[in-house]
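K.L.:
Place chain B on chain A using the hints.
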Amino acid sequence: MDYVKLINCMRCGMCLPHCPTYKETFLETASPRGRVALVRKFQEGELVESEKFLEYVSLCLDCQACASACPCGVNAGELVAEFRCERKQEGGLSMMEDMILRKLVPHPDRLEVATAPLRLYQKTGLQKVVRSLGLLKVFPEALGRMEGLLPELPAAPLRQTIREVTPAQGEEKGTVGFFLGCVMSLIFSEASLATVQLLSSLGYKVITPKAQKCCGAPNMLGHDIDGLKEAARFNTDLFQSYELDFVVTDCGGCGAELKKYGHHLGGEEAATSFSAKTRDISEILASEAAGLAGKLKPLPIKVTYHDPCHIAHCQGIRSQPRALINMVPGIDFRELPEADACCGSAGTYNIEKPEMSDRVLSRKVQNIRKSGAEYLVTSNPGCLLQLKKALSEATPQVKVIHLTELLQMSLDA
Amino acid sequence: MENSFIKALTEIVGAQHTLSDPESLACYGYDSTPELQSRPGVVVLPGSTEEISKVMALCDQAGVRVTPRGSGTNLSGGSISFDAGVVLQTSRMNRILEIDEENLTATVETGVITSALHREVEAKGLFYPPDPGSMNISTMGGNVAENSGGLRGLKYGVTDDYVMGLRTVLADGELLKTGGKVVKDVAGYNLNQLLVSSEGTLGIFTEITVKLIPKPQTKKTMLVHFPQLEQAALTVSHIIAARIIPATLEFLDRVTIKCVEDYAHVGLPLDVDAVLLIEVDGHPAQVEEDAAGIRQICERHHCSFFQTAATAEEALKLATARRVALSALARMRPTTILEDATVPRSCIAPMVKLIQDTAKKYDLLIGTFGHAGDGNLHPTCLTDERNPDEIARAHKAFGEIFDATIAMGGTITGEHGGGVAKKKYLPKLVGESGLRVMRGIKGAFDPKGTLNPGKIF
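Keeping their order, the protein sequence lines are chains A and B.
Going left to right, the first sequence walks through residues 0 to 412 as numbering that gives the first Met the number 0 numbers them.
Going left to right, the second sequence walks through residues 0 to 456 as numbering that gives the first Met the number 0 numbers them.
This is chain A alone, in the form it adopts within the complex (with noise of 0.2 Å):
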């Protein structure tokens, strides 16, 4: 690690009120400030690797909301993520993690396979059984909420329906590759078939490499790097043998991931122009307002928006998707209080961290609640999942959404 990343964190502390768990606990320990200091004192001999030390830098939802706050431009959030990936390389995989997150993860078709059980579980009627009977809470704990994360599924994941080419309604006007998120695929498979309507809509034709692999962020998660560069390496030959104008994405861990694979590859020049060339269908659609304005129905909906941690701390983008939303016509569009804080899902935080996890969701409920929305509106399949959990059980008279969602119902108005 660049020990300079480290040393220009000048300690004023203008992260700690943007942290989701230094604002649960207020505990130095437990921001980004104390996590850097951590890190820097590990690297200088003062501190040694404690099961403390560990459960300290653990506690780290990675949301980069640090980053966004930062004067001095240290990202906290990613620093840790470097530090725990460079212990895991000395260390190496467990068993567990070799076979999640080299053989099951980048291999789609097997993931699809992995699924078709859960599928059936739901399809017979034997999730009920089970949630009726209670049996869930005789299963590990970190099982048992996995389970009731999971949302119903669609009939079949997109990547096995979807065309590999969308031709572009009306004047073709470019090519843009559509990147699957495998979370988007297998469960929200109806938000991304619009996500490829609305580019077809626009003009675009839309190709949909079926060969396409993870986009290598579980791999991050678990802090396998190899694994990453093994990701970034494929995906970037596979839509570079294209002609695109773009790639694009409509789940915001992907596009991070996507855009970090010029970085991931030592500034390699084919990567380096695959990530230039990556965007969030967000960024997309505000550049087409003038012709998506025109399609765009009324919906006389009260709608707010949670701005994911992957899209406005690792992207940047907070102002498209609000815009694109105050396009439809009749849409009553409320600020949400503390929009940009993480919604505590995190990866697989919210199975790792479940305390924490359920402190800075309950916290995102309020605000939701607060806001007084019927339809909350977000753009990854994290936020989707955890957000669609908690509201069905909290406040289950608001809906959650994906934005393409939200647009293609204006469409269809």
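No lab work stands behind these hints: they were computed from the structure.
Incorrect hints may appear among the rest.
Below 25 Å or equal to it, Euclidean Cα-Cα: the simulated BS3-like pairs (lysine-lysine) are [unchecked claim]:
{"id": "1", "chain 1": "A", "residue 1": "301", "chain 2": "A", "residue 2": "398"}
{"id": "2", "chain 1": "A", "residue 1": "4", "chain 2": "B", "residue 2": "257"}
{"id": "3", "chain 1": "A", "residue 1": "398", "chain 2": "A", "residue 2": "369"}
{"id": "4", "chain 1": "A", "residue 1": "87", "chain 2": "A", "residue 2": "228"}
{"id": "5", "chain 1": "B", "residue 1": "316", "chain 2": "B", "residue 2": "214"}
{"id": "6", "chain 1": "B", "residue 1": "316", "chain 2": "B", "residue 2": "218"}
{"id": "7", "chain 1": "B", "residue 1": "123", "chain 2": "A", "residue 2": "369"}
{"id": "8", "chain 1": "A", "residue 1": "102", "chain 2": "A", "residue 2": "228"}
{"id": "9", "chain 1": "A", "residue 1": "51", "chain 2": "B", "residue 2": "6"}
Example chain A residues on the side facing chain B (calculated, C-beta under 7 Å, incomplete) [what the hints assert, rightly or not]:
{"id": "10", "residue": "7"}
{"id": "11", "residue": "10"}
{"id": "12", "residue": "11"}
{"id": "13", "residue": "27"}
{"id": "14", "residue": "40"}
{"id": "15", "residue": "51"}
{"id": "16", "residue": "55"}
{"id": "17", "residue": "70"}
{"id": "18", "residue": "295"}
None of the values given here were measured: they were computed from a predicted structure.
Glycine included, C-beta positions come from ideal geometry on N, C-alpha and C.
P.N.:
Then chain B, alone, in the frame of chain A:
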């Protein structure tokens, strides 16, 4: 720190709020002051006045020193424990207890974040003006202890202009109540004002009552460029001589302008000596008249550019240069030494000139920005803590700058406090009699020297 003592603390505040692992102690060994670090022996986060009182009684009897801390944004080392004592963090006490619209006061617990109070009172059409740069995280207790200022000091004053009442725990755990909601109160010594800016050496505030004022109806923001520093400085003096008191009158020097432009690309010219950001607020008619007057004065002093924001959005854009000044400077080098030398308003031009000459003399990069309206400047040295030679030169340069400040009738610290960083300059400023009186006051409040030892003097 002895286990039995830590156990006794645990019994008062709870195990969850008593920290003694090496990782926590390392993280409470710093605040926002560059270079200074020292690990405490233990950290406690009490949740009530009663708990603070019990902690103080225990420590005073055991002869263990206590350093109070809010969010740890102190810029003079005031919230660091240098003798491995107790750091007492007040953040858990963060309730706004009352906003009294009849008496125009707010009463808060000590750990309330300054900007949280702003939001609450402004929602009721009221105003609490002090707005230190760290207001999004600084605590009200910390603001009172340091007498924090901010951008609105010229027109609205600083924290001590708003403190009406305090509830304080003394070194031995006794409670002291001073002031209240009355505007007039001449009973006994004015202990309220004595406690403001005591930097945690006289007591620990637990509840604070502040004065509120009606929120100004409207404001107007202006950005002005000056090719010559002297003309910018004269403009500042002449605006005030014309009986116009802007809410904000901020200044950026040439080095800061260059850093801001490199970082934020806001369209500042690189060939000007100074940029002023001016804001007037109040009744719409008054605001119009003041803005017109300011424009005349700026033009008379050969400004090269004058822009008035037409909308709130534009105002925000104009203020960008000042808002990002510290960020833009801090990114230049790893270590940022931010000072707060303060001179009478009429000395702004010679002071800025002296800072620039001193930087040249010691071969340092110093950008100066700050509150020109009240003479409070922030010469900011951009350096690298790994370069001891450069750090030594920076300290020499600031020594000369503070000497000049005192000679001009100014002060060594306008809003950051003395802490440990400025204490060697204090004798020059207040003299032997000043120090004797201060020591006497300290002795009267805290005979054993339990509270925040080694700070101020």
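K.L.:
Evaluate each hint against the coordinates.
P.N.:
We went through each hint and held it up to the structure:
1. The suggested pairing of residue 301/A with residue 398/A holds, with an alpha-carbon distance near 11 Å, which does not exceed 25 Å.
2. Between the alpha carbons of residue 4/A and residue 257/B the distance comes to roughly 23 Å, so the proposed pair stays at or under 25 Å and holds.
3. At most 25 Å may separate the alpha-carbon atoms for a hinted pair to count; residue 398/A and residue 369/A meet this at roughly 15 Å.
4. Distance hint between residue 87/A and residue 228/A is fulfilled; the C-alpha atoms sit about 15 Å from each other, no more than 25 Å.
5. Of the supplied pair hints, the one linking residue 316/B and residue 214/B holds, its CA atoms being roughly 22 Å apart against a limit of 25 Å.
6. Distance hint between residue 316/B and residue 218/B is fulfilled; the C-alpha atoms sit about 15 Å from each other, no more than 25 Å.
7. For the proposed pair residue 123/B and residue 369/A, the alpha carbon gap of about 18 Å is at most 25 Å, so the pair holds.
8. At most 25 Å may separate the alpha-carbon atoms for a hinted pair to count; residue 102/A and residue 228/A meet this at roughly 15 Å.
9. The suggested pairing of residue 51/A with residue 6/B holds, with an alpha-carbon distance near 20 Å, which does not exceed 25 Å.
10. At its closest, the beta carbon of residue 7/A sits 5 Å from a beta carbon of chain B; the interface hint therefore holds under the 7 Å criterion.
11. At a threshold of 7 Å, the smallest CB-CB gap from residue 10/A to chain B is about 5 Å, leaving the interface hint in force.
12. Of the supplied interface hints, the one on residue 11/A holds, with its beta-carbon coming within about 5 Å of a beta-carbon of chain B, less than 7 Å.
13. Annotation: interface hint on residue 27/A holds; nearest CB of chain B at approximately 4 Å, less than 7 Å.
14. At about 5 Å, the closest approach between the beta carbon of residue 40/A and any beta carbon in chain B falls short of 7 Å, and the interface hint on this residue holds.
15. Restraint check, residue 51/A versus chain B: the minimum CB separation of about 5 Å is within 7 Å; hint holds.
16. Hint status for residue 55/A relative to chain B: holds, with the closest Cβ pair at about 6 Å, below 7 Å.
17. The beta carbon of residue 70/A comes within 4 Å of a beta carbon in chain B, closer than 7 Å, and the hint placing it at the interface holds.
18. A least Cβ separation of about 25 Å between residue 295/A and chain B goes past the 7 Å threshold, and the interface hint is therefore violated.
The structure does not agree with numbered hint 18 stated previously, though it agrees with all others.
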